[in-house]
Amino acid sequence: MNTTTRRELGRLAIAAAIGGAGASGAAFPSFAQGSNPIRIGYSMSLSGGLAGNGRATQLAHQIWAAEVNARGGILGRPVQIVFYDDQTNGGQVPGIYTKLLDVDKVDIVTSPYATAMIAPAMPVVMQRNMCFLTIFGAGVNTAFKYDRHFNMNVVGDNMKETYARGFLDIAAKLPSPPRSIAILAVDNDFAQRAAESARFLAKERGIRVVYDRSYPPSTVDFTPTIRSIAATRPDVVFIASYPPDSNAILRATSELRFQPPMFGGGMVGPQLAAFQQQLGPILNNLVNWDVYSPEPTMQFPGVVAFLEKYRELAPREQADLLGNYIPPYAYAQMQVLEQSLTRVGKIDQAALAADMHASTFETIVGSVKFGASGEWAEERNLYVQFQNIRDGDLEKYKRAGTKVILAPSRLATGQLQHPYGPPA
Amino acid sequence: MSTTALARPATAPAKLQRGLAFWLGALAIGIGLFLGLRGLGNDYAYFAGYFILQYVVLATAWNILGGYAGYVNFGAAGFMAAGAYTAIALRKATGLDLLPGIVAAGLVGGLLGLGTGYLTLRLKGVYFSIATLCLSVVLQTLVVNWDYVGGSRGAYVIRPQTIDPFTSYGEYLFIVMLVLAIGAVGIARAVENSRLGRGLQAIRDNERAAEAVGVPTLRLKLVATALCGALMAIAGAPLPYYSGYLNPEAAFSLAYAVNAIAMPLIGGAGTWAGPVIGAVLLGAMQQAATVTISSALNLFIVGWMLVVFVALAPRGILGWFRTRR
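As they're listed, the protein sequences go chains A and B. If you count by the UniProt record's numbering, then the first sequence holds residues 1 to 424, one letter each, in order. If you count by the UniProt record's numbering, then the second sequence holds residues 1 to 325, one letter each, in order.
In case anyone wonders, no lab produced these hints; they're calculated from the structure. Hints may contain errors.
Stated by the list, open to error - Label-pair ranges, simulated between beta-carbon atoms: (1) B:92 - A:219: 21 to 31 Å; (2) A:177 - B:99: 57 to 67 Å; (3) A:76 - B:137: 49 to 59 Å; (4) A:304 - B:97: 16 to 26 Å; (5) A:158 - B:142: 40 to 50 Å; (6) A:257 - B:92: 40 to 50 Å; (7) A:297 - B:254: 42 to 52 Å; (8) A:145 - B:93: 17 to 27 Å.
Cβ atoms here follow ideal geometry from the backbone N, Cα and C, with glycine treated the same way.
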């Protein structure tokens, strides 16, 4: 039997005290206040599964901060961003936010990227009554009902009835209107909500659901799945997937030469430069959910200049090379904050929240108005089609005419091409 | 036979005295920690403390089966998630709060451990480890498809902002975890000093020989798996209250499984103090790394520490101190 003697415990206590002093010194650093900046704190996934979008968000925020500081700051004070990497681990998030608020004493908190990381921050933020402007969450506030929560995302607060509407509107324009739909979704929050919307709206429009399945995120081979979807001969296929599986699904579909009249849905991945580079013509005629495309109808003031700056810095920061997905929204998120702070004239969480509820914000992604739940008052789910794609060259994604907007109709810039599949 | 010879059984009064000293020491450390952190006056200290203490419980639990009996359990994340989801299900079904959730998690984890033990303990070495890894995968698949506890969408637990008589919910969670950690270490110490512990160590050294001299190996291993499962589940029960939202990816995170093994090995497996030292050291380093260098270096640190310790101090920090004595 191993026993620990008192002498050993004594030695250990000394070792622990030395180690502990080092650790606590590192965990509670003091920050120089100097010029009294406005400190904006958040946690961001800079490593782990969400790091791709986390890095892009972070870069957009840095660009914004540099520009604001060059203009003389906000309310005469420079802005300083304080951030920590949550490693795509929700368990790290509450600790990081308490550190930001209690130790670093930041003035404002914003969110990490996406629902699974935003939700663990909510209790901490709510306890301190902070105004919380988040990015790309989905329905987080449905559970918390916090009146100082605002979310920068195009999906709005009624995903079930609105998310897949654009997709089915486009499908209705096929030469023979669709009578059947196949739905495939990965087991995660966002994809399940997307699939629920497709299911609900298809039923409402009398489109028969001939295939409706979910798959675990660890799935790697989709050949059997695509074969069974093809066997049901659907008129349209709606897929809600995340990057690794989006890639595998599109490759399997291409290899099996499955070319239904319309294919796509809420796939996350094809919005990113790495996908566009790797998949090339496999993306041709894919109709997919998106948030931004450099089409003439989305040339909001400032967005071109921002993207130029972003693309210049992206390779060095190892962020998405094009920035056509989250970065404009991340920049716009900070614009909302800036405009609100300027209007309120001081750092007052209640006043900031009241202002965000009441105002319309002019940003590089257009006019933004928040509804009662803090989501966008009016949803803007884009459905784009990748047209005339013959290779993986990224230059064409910087111009109009590649990711053509088909829905909503007020932003549409082209007509549906069908069926799905690489150009002849 | 173990590298350290079996100590002579202590006489009853000496044992009682050592037990009393341990509990008084634990109480003093507990009160000291509480007062010290309250003196710091910020919630972050409680959250960081919670983060480290949950690993003390988890590592101690792992040590009961892995350290004493030599059965390496890769399914720590699975047991921990079972505890977390028990707390969520109980809250949803009955509205009961954290403390009943911890008790229920302990029961579920214990039964799960017992069942796993019964089914898998005929496997030895790496085969047992693979079976525990499979258990984690099976549990995750179950949770992902169980809509009642949120399924793949995750579950929200809206906790109260404060709870009397504590200054904040963070403080309450910290105190709960502190009590659990002291309890877990106390249990591990009791196991170590009992016939059960000696039997488990005999199993670790040579199971056949132990069986031959009359150690009831199956029964002891079942007690160990049940205890290990219960304590791991207890470590997970407060997790949904800590984060307010839990999805299967977070609950079954690889970090828990890796840390549960690395911490006892670095601290010194097979002793009650080893996992505590490992958890405090590695947990504090990871928390410090998160808020200072702030990068993916977190698991990298754990990996390197493990390599360094396996190479230089294969019996952990405690073993290193012993060999220097």
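Hint-by-hint comparison with the structure:
The supplied range of 21 to 31 Å is met by residue 92 of chain B and residue 219 of chain A, whose beta-carbon atoms lie about 29 Å from each other. Between residue 177 of chain A and residue 99 of chain B the beta carbon distance is about 58 Å. The supplied range of 57 to 67 Å therefore holds. In this structure, residue 76 of chain A and residue 137 of chain B meet the distance hint of 49 to 59 Å, their C-beta atoms being roughly 56 Å apart. Judged by the Cβ atoms, the range 16 to 26 Å given for residue 304 of chain A and residue 97 of chain B is violated: they are separated by roughly 53 Å.
Judged by the Cβ atoms, the range 40 to 50 Å given for residue 158 of chain A and residue 142 of chain B is violated: they are separated by roughly 31 Å. A hinted range of 40 to 50 Å holds for the C-beta pair residue 257 of chain A and residue 92 of chain B, which are about 47 Å apart. At roughly 44 Å, the beta-carbon separation of residue 297 of chain A and residue 254 of chain B lies within the given 42 to 52 Å, and the hint holds. Look at residue 145 of chain A against residue 93 of chain B: about 22 Å separates their beta carbons, and that is inside 17 to 27 Å.
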